[in-house]
Amino acid sequence: MAETLTQQQDSYLPPPAPPGAIKWIRDNLFKGWLNTLLTLISAVGLYFAISRSLIWFFAQADWTPIINFPILFSVGQYPREELWRIGGVLSALALLLGFSWSHWGGLLRGVSLYAGAMFLVLGALPVSHPALTPSMRVFLISLPATILLAFWIGRWRFVSKRMVMALWLVYPFFSLLLIRGLAGSAVLELVSTTLWGGLLVTFVLSIGGIVICFPIGVALALGRRSKLPVVSAISTFFIETIRGVPLITLLFLFSVVLALFLPPDARLDRLLRALIAMTIFSAAYMAENVRGGLQAIPPGQEEAAKALGMNGVQITALIVLPQALRIVIPTIVGQFITLFKDTTLVYIVGVNDFLGIGRSIVNSNPAYLQAQLEVYLFIAAIYWIFSYLMSLASRRLETSLGVGKR
Amino acid sequence: MSKVKQIPFYRDERYLSAAAQVVSGLLVVALLWWLGVNFVRAAEARNLSLSFGFLDRPAGFPISDPAIPYTTNDSFGYAFLVGVLNTLRVAVAGVVAATVLGTMVALARLSSNWLLSKIALAFIEFHRNIPLLVLLFIWYFTVFRELPAVGESIVLPGPIYLNQRGVYFTWPRLIETGWVFAAGLVLGILASIALWNILRARRELTGKKTYFVEVSIAALFVFPLVGWILSGGEPFRFDVPSLQGFNIRGGLRLTPEFAGLFVALVTYTAAFIAEVVRSGIQAVDRGQLEAARALGLSGFHVMSFVIFPQALRVIIPPMISQYLNLTKNTSLALAIGYQELFSVGKIAINQAGRAVPVFLMVMAVYLMISLITALVLNLYNRRIQFVTR
Numbered sequence: 001m002a003e004t005l006t007q008q009q010d011s012y013l014p015p016p017a018p019p020g021a022i023k024w025i026r027d028n029l030f031k032g033w034l035n036t037l038l039t040l041i042s043a044v045g046l047y048f049a050i051s052r053s054l055i056w057f058f059a060q061a062d063w064t065p066i067i068n069f070p071i072l073f074s075v076g077q078y079p080r081e082e083l084w085r086i087g088g089v090l091s092a093l094a095l096l097l098g099f100s101w102s103h104w105g106g107l108l109r110g111v112s113l114y115a116g117a118m119f120l121v122l123g124a125l126p127v128s129h130p131a132l133t134p135s136m137r138v139f140l141i142s143l144p145a146t147i148l149l150a151f152w153i154g155r156w157r158f159v160s161k162r163m164v165m166a167l168w169l170v171y172p173f174f175s176l177l178l179i180r181g182l183a184g185s186a187v188l189e190l191v192s193t194t195l196w197g198g199l200l201v202t203f204v205l206s207i208g209g210i211v212i213c214f215p216i217g218v219a220l221a222l223g224r225r226s227k228l229p230v231v232s233a234i235s236t237f238f239i240e241t242i243r244g245v246p247l248i249t250l251l252f253l254f255s256v257v258l259a260l261f262l263p264p265d266a267r268l269d270r271l272l273r274a275l276i277a278m279t280i281f282s283a284a285y286m287a288e289n290v291r292g293g294l295q296a297i298p299p300g301q302e303e304a305a306k307a308l309g310m311n312g313v314q315i316t317a318l319i320v321l322p323q324a325l326r327i328v329i330p331t332i333v334g335q336f337i338t339l340f341k342d343t344t345l346v347y348i349v350g351v352n353d354f355l356g357i358g359r360s361i362v363n364s365n366p367a368y369l370q371a372q373l374e375v376y377l378f379i380a381a382i383y384w385i386f387s388y389l390m391s392l393a394s395r396r397l398e399t400s401l402g403v404g405k406r
Numbered sequence: 001m002s003k004v005k006q007i008p009f010y011r012d013e014r015y016l017s018a019a020a021q022v023v024s025g026l027l028v029v030a031l032l033w034w035l036g037v038n039f040v041r042a043a044e045a046r047n048l049s050l051s052f053g054f055l056d057r058p059a060g061f062p063i064s065d066p067a068i069p070y071t072t073n074d075s076f077g078y079a080f081l082v083g084v085l086n087t088l089r090v091a092v093a094g095v096v097a098a099t100v101l102g103t104m105v106a107l108a109r110l111s112s113n114w115l116l117s118k119i120a121l122a123f124i125e126f127h128r129n130i131p132l133l134v135l136l137f138i139w140y141f142t143v144f145r146e147l148p149a150v151g152e153s154i155v156l157p158g159p160i161y162l163n164q165r166g167v168y169f170t171w172p173r174l175i176e177t178g179w180v181f182a183a184g185l186v187l188g189i190l191a192s193i194a195l196w197n198i199l200r201a202r203r204e205l206t207g208k209k210t211y212f213v214e215v216s217i218a219a220l221f222v223f224p225l226v227g228w229i230l231s232g233g234e235p236f237r238f239d240v241p242s243l244q245g246f247n248i249r250g251g252l253r254l255t256p257e258f259a260g261l262f263v264a265l266v267t268y269t270a271a272f273i274a275e276v277v278r279s280g281i282q283a284v285d286r287g288q289l290e291a292a293r294a295l296g297l298s299g300f301h302v303m304s305f306v307i308f309p310q311a312l313r314v315i316i317p318p319m320i321s322q323y324l325n326l327t328k329n330t331s332l333a334l335a336i337g338y339q340e341l342f343s344v345g346k347i348a349i350n351q352a353g354r355a356v357p358v359f360l361m362v363m364a365v366y367l368m369i370s371l372i373t374a375l376v377l378n379l380y381n382r383r384i385q386f387v388t389r
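Here the protein sequences line up with chains A and B, keeping their order. Counting along the first sequence from 1, when you hit position 236 you're at 236 in this note's numbering, and nothing is skipped either side. Counting along the second sequence from 1, when you hit position 117 you're at 117 in this note's numbering, and nothing is skipped either side.
Everything labelled a hint here was simulated from the structure, so no lab data went into it. Predicted model, so just to flag it, every value in this text is computed and none were measured. Where is the CB? At the ideal position from N, CA and C, for every residue including glycine. Warning: the hint list may mix true and false statements.
[What the hints assert, rightly or not] Taking lysine-lysine pairs in the DSS-like style, the calculated list, with each CA pair at most 27 Å apart, reads:
1. K118(B) to K23(A)
2. K306(A) to K118(B)
3. K227(A) to K161(A)
4. K118(B) to K31(A)
[To be verified] Here's a subset of chain B near chain A, in silico, CB distances under 7 Å, partners left out:
5. G25
6. V40
7. A42
8. Y78
9. L116
10. N129
11. V134
12. I138
13. F141
14. T142
15. Q288
16. S331
17. A335
18. A364
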């Protein structure tokens, strides 16, 4: 009986499927007349778009404004004889990356390898360029070497996880000190922030913004969820007001009006005012992200902690916050990407960020004005690469943290 | 018995929370007080005024491309209103266009056609990962500012003329009695929505056929038709742009600034909206589609009565924030010289020297737009969410 059934079923089986590739093409590109038509139209459109772009890219585009000013794009007018300080910041970063790679692996391995490979390629570019002096090449190639060395040293016992974390905490202050310098110091002369520019400013604003806004955002989120009406009202008012107005309004508010509300002798430089505006802006968004995490913690956690006799501060700091922050890490990375892109707005209040440098190069020479598209596409490409890699990392982080799947 | 040991006041939650409130309130008041004192001192030193009296004075600066007629003799207050309307104009047009484009991109992304899906993915990933300001510069400085002179306009079918002075469209303009037709059109849309809701509710209540689709579509056409006839034949004529010498006559003109801002905002926001719509549609359980098919519903009915209403519940909240983002992003117009609310406010600060009142007004308007949009859409959102008991 069973045999006859299987025999019957055999005769009902569909004819054998064509081999993989052809089947795939038929299923995904030419299934039905509508699908075929769509494929043909988009293929023709794509062919013309790509061939025209390639011709433009290699034959017609004028890339001189980008090739001529790599250092200007990176650090703006930062004094060229003080460039070693930026190098120091990068070397320290390479060291920390290597340590972290050997301790945590995972995502940091990818970050270290990508960053190292990028600097290696830059240092070994087989072209002669005035900015690629022998010492510059040696420095660029030393960065991946530092990462590898740190990775190796990181396995020794004296480099503990705790120490690496402490180093990461110190790192922003160390970098800021090195870049800015001290007034009256002979070794580390003060470099006025008006000279900072390019990617340096973009990174200072976005990393500074996200780091400083974090504690403020957490405080606001706790404040908004607080049972105390005054605290909750103040936090809610602050968050909703900031989120309701565009970032440019805040940037202008702080660059034009803030001076009126401070003592006459308080002089804040332009970069600092922009940083304050960006920090306050992103603190409001950070607060909402953290609040989302707080809401996701089941009330049983708090009740259990209360039953164990913990007080309010202990419950928040030891039970609720650690769990909530773990949930919102991917969201915070997303917010960092947004902030990173939003730093371009400081160009409008006269800070020379990456986009601002591009604009000033374009406007400095009529020949470069003809190459505007190239400059903007270059800027867009750099932003794109950083944002895309960060969003990839955030997705990886989401799976490795197991958010939503516990 | 009566000697129950009391909790000391410094560990009593009531005292602690009251103290926390008083302290935080006082801190904020002190901060505001400090800022206020500084401001009064600065205002005396620089002879600043906080009054809004300047709003009646003539503005004296030109506004290019105002949404309503405006001359330099009009007051600051009126100039401000023009700025608000310019913001709303680009925001409303942008929201509509971005929704349409975003939904199309989302459908292309979900298409079973591999090539189309990848093109949509490229569109989304390109726009989501670059700053809006860079996109705006690309569209304005390298496309709309680099268009040929009027004499050598690019002519697209329509006719649409593209040149240095902007983009010229064919546009229907109402004749004098045309308002009757317009009223009929509005009435038709309202009646159609009302009939759809009433008759559909009746059908769901009684199970009788009420032909709600047919009736509401009929209403959509009957009212405008009556308006058409009452207005005496053709209620509008097409204003067709035409090249005459070195000028374009007629048509609807969009300035390069408006066009650049509009295109950049729409493409940028559409990429985000596409992701919102895609995730919304994908959030609907596949079993819903299979069950609807098993019940014998047609493709259109599956989409409009099963998939879409459920997807909408997921789509609406993030869509609200995308609309608000677009509205706030219109302030980037400052960088290319389209004069909306914020750039008018900035000129007013320079001309009238009243930074604080002007900033208060600008921020109040943005807040109002945000709050009203959020309120309306939240009400709508509440209506379409699941009713849980």
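The hint names A42(B) as touching chain A; please verify it with the least Cβ-Cβ distance against 7 Å.
holds, 5 Å
Once the shortest beta carbon distance from Y78(B) to chain A is found, is it less than 7 Å?
violated, 21 Å
Quick one, is the S331(B) hint okay against chain A at 7 Å, beta carbons?
holds, 4 Å
Is K118(B) within 27 Å of K23(A), Cα to Cα?
Distance ~19 Å between K118(B) and K23(A) Cα, so the pair holds.
Return the status of the interface hint for G25(B): holds when the least beta-carbon distance to chain A is below 7 Å, violated otherwise.
holds, 5 Å
Does F141(B) pass the interface check with chain A, least Cβ-Cβ distance below 7 Å?
holds, 5 Å
Taking the least C-beta to C-beta distance, is Q288(B) closer than 7 Å to chain A?
Hint on Q288(B): violated, closest Cβ of chain A at ~21 Å, above 7 Å.
With the threshold set at 27 Å, check whether the alpha-carbon distance from K227(A) to K161(A) stays at or below it.
violated, 38 Å
Is the shortest C-beta separation between T142(B) and chain A less than 7 Å?
holds, 4 Å
Less than 7 Å between beta-carbons is the criterion; does V40(B) satisfy it with respect to chain A?
violated, 10 Å
Under 7 Å, Cβ to Cβ, is where N129(B) needs to be relative to chain A, so tell me if that hint holds or is violated.
holds, 4 Å
Restraint: L116(B) near chain A, CB-CB cut 7 Å. Satisfied or not?
Status holds, d = 5 Å.
Checked against the numbered hints given earlier, this structure breaks hints 2, 3, 6, 8, 15, 18; the rest are met.
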